[in-house]
Amino acid sequence: MAFQILLNFILAFIWMFLQGSYDPAAFFVGYLLGLLIIYTFRRFFKSRFYVHRVTAVLNLLYIFMRELVLSNIAVLKLILKPQLDIKPGIFALPTDLTEDWEITILANLITLTPGTLVVDVSADNKILYVHAMDIDDAEQSIKSIKDSFEVAIMEVSR
Amino acid sequence: MIEIVRVIVGCCVVTGALLSLVTAFGLIRLPDVYTRNHAASKSATMGVMLVLLGAFLYFYTEEGYADARLILAISFIFLTSPVAGHLISRAAYNSGVKLWGHSVQDDLREHRLVQNSKEHLPACEPREADTKSQP
Numbered sequence: 001m002a003f004q005i006l007l008n009f010i011l012a013f014i015w016m017f018l019q020g021s022y023d024p025a026a027f028f029v030g031y032l033l034g035l036l037i038i039y040t041f042r043r044f045f046k047s048r049f050y051v052h053r054v055t056a057v058l059n060l061l062y063i064f065m066r067e068l069v070l071s072n073i074a075v076l077k078l079i080l081k082p083q084l085d086i087k088p089g090i091f092a093l094p095t096d097l098t099e100d101w102e103i104t105i106l107a108n109l110i111t112l113t114p115g116t117l118v119v120d121v122s123a124d125n126k127i128l129y130v131h132a133m134d135i136d137d138a139e140q141s142i143k144s145i146k147d148s149f150e151v152a153i154m155e156v157s158r
Numbered sequence: 001m002i003e004i005v006r007v008i009v010g011c012c013v014v015t016g017a018l019l020s021l022v023t024a025f026g027l028i029r030l031p032d033v034y035t036r037n038h039a040a041s042k043s044a045t046m047g048v049m050l051v052l053l054g055a056f057l058y059f060y061t062e063e064g065y066a067d068a069r070l071i072l073a074i075s076f077i078f079l080t081s082p083v084a085g086h087l088i089s090r091a092a093y094n095s096g097v098k099l100w101g102h103s104v105q106d107d108l109r110e111h112r113l114v115q116n117s118k119e120h121l122p123a124c125e126p127r128e129a130d131t132k133s134q135p
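Residue numbers (this note's numbering), protein chains in the order written: chain A, 1 to 158; chain B, 1 to 135.
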């Protein structure tokens with residue numbers, strides 16, 4: 001992916017040299033033309049066309065923001081409720097992610113999810129230990145984490 | 001236009017202060033380290049971010065000054081506070097802080113006990129480990 005972006009920059013610079021005008025507008029036009037060229041020649045690269053990955057990163061950022069707002073509302077409700085009828089506990093969450101940065105992002109996302117907080121990662125990076133405010137829906141939250149976050153992170157890394 | 005932005009700035013700052021207040025309530029009311037950490041690592045993050053966002057918008061519209069340091073501060077807080085929450089709860093767990101009495105499940109404890117009985121530390125609570133790993 002980094003190689004494709006670098007190639008796109010080089011193509012944009014070549015466009016600037018061909019034009020003989022060195023302003024941001026020329027760079028922008030050259031960048032768009034280079035994007036077109038890279039899209040045309042995408043079958044020669046090993047990885048996917050990099051715009052897909054950029055949109056995946058933006059999607060991940062959107063999920064981060066949404067979860068932050070939702071978790072704040074959930075914690076607010078829990079704290080301001082008159083009775084404290086929570087059932088906390090630690091459950092194990094097996095994960096399919098392998099790279100270190102992927103697991104870091106997953107742990108950060110889980111920490112920002114309503115009612116969950118990562119306590120520990122097992123030594124072989126296979127299991128995350130998550131502290132939950134309400135353990136009753138642990139199974140369901142495992143499923144939802146797997147469905148939304150892991151898929152979104154895999155979309156970036158693959 | 002300016003009036004709308006003023007209303008937005010007011011909402012941001014007041015909501016952020018409210019969230020910080022709720023965090024303080026949570027730190028007093030909740031029963032143990034881990035549940036308190038929930039309140040501290042989520043509501044405090046959002047509260048500080050909203051206050052900073054309000055300050056940024058205020059200086060941008062009233063003074064025409066876009067302070068990039070505020071944006072950087074927002075992103076740094078956003079990145080670091082979940083990690084801080086994780087590290088505090090992990091340090092608490094490793095130094096043996098008990099969960100709240102009404103907690104219902106503790107997979108990590110079972111995992112640790114199994115590992116201790118399997119690998120080394122034969123003197124470290126072998127009886128408890130045996131009873132735990134038998135079923």
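Among the hints, a few may not be true.
Claimed, not checked - Listed next, with one range per pair, are the computed distances between beta-carbon atoms: (1) B:Arg69 - A:Glu150: 47 to 57 Å; (2) A:Pro94 - B:Ser20: 50 to 60 Å; (3) A:Pro94 - B:Ala68: 20 to 30 Å; (4) B:Val7 - A:Lys87: 33 to 43 Å; (5) B:Ser75 - A:Leu33: 23 to 33 Å; (6) B:Trp100 - A:Tyr39: 51 to 61 Å; (7) B:Trp100 - A:Leu7: 26 to 36 Å.
Unchecked claim - Here's a subset of chain B near chain A, in silico, CB distances under 7 Å, partners left out: (8) Tyr60; (9) Thr61; (10) His86; (11) Arg90; (12) Ala91.
Hint data in this document are derived by calculation from the structure and do not stem from the laboratory.
Glycine is no exception: its CB is placed at the ideal position from the N, C-alpha and C atoms.
We went through each hint and held it up to the structure:
1. With their beta carbons about 35 Å apart, B:Arg69 and A:Glu150 fall outside the hinted range of 47 to 57 Å.
2. About 36 Å separates the C-beta atoms of A:Pro94 and B:Ser20, a value inconsistent with the hinted range of 50 to 60 Å.
3. In this structure the supplied range 20 to 30 Å is violated for A:Pro94 paired with B:Ala68, their Cβ-Cβ distance being about 41 Å.
4. Separated by about 40 Å at the C-beta atoms, B:Val7 and A:Lys87 satisfy the suggested range of 33 to 43 Å.
5. The supplied range of 23 to 33 Å is met by B:Ser75 and A:Leu33, whose beta-carbon atoms lie about 32 Å from each other.
6. Between B:Trp100 and A:Tyr39 the beta carbons are some 56 Å apart, a value that agrees with the proposed interval 51 to 61 Å.
7. Our hint of 26 to 36 Å for B:Trp100 and A:Leu7 is violated, since their Cβ atoms are close to 56 Å apart.
8. With its C-beta approaching chain A no nearer than about 20 Å, B:Tyr60 sits outside the 7 Å limit, and its interface hint is violated.
9. The beta carbon of B:Thr61 is not positioned within 7 Å of any beta carbon in chain A (closest approach about 22 Å), and the interface hint is therefore violated.
10. A hinted interface residue such as B:His86 counts as satisfied when its beta carbon comes closer than 7 Å to some beta carbon of chain A; here the least separation is about 5 Å, so the hint holds.
11. Of the supplied interface hints, the one on B:Arg90 holds, with its beta-carbon coming within about 6 Å of a beta-carbon of chain A, less than 7 Å.
12. The criterion of a C-beta within 7 Å of any C-beta in chain A is not met by B:Ala91, whose closest approach is roughly 10 Å, and the hint is violated.
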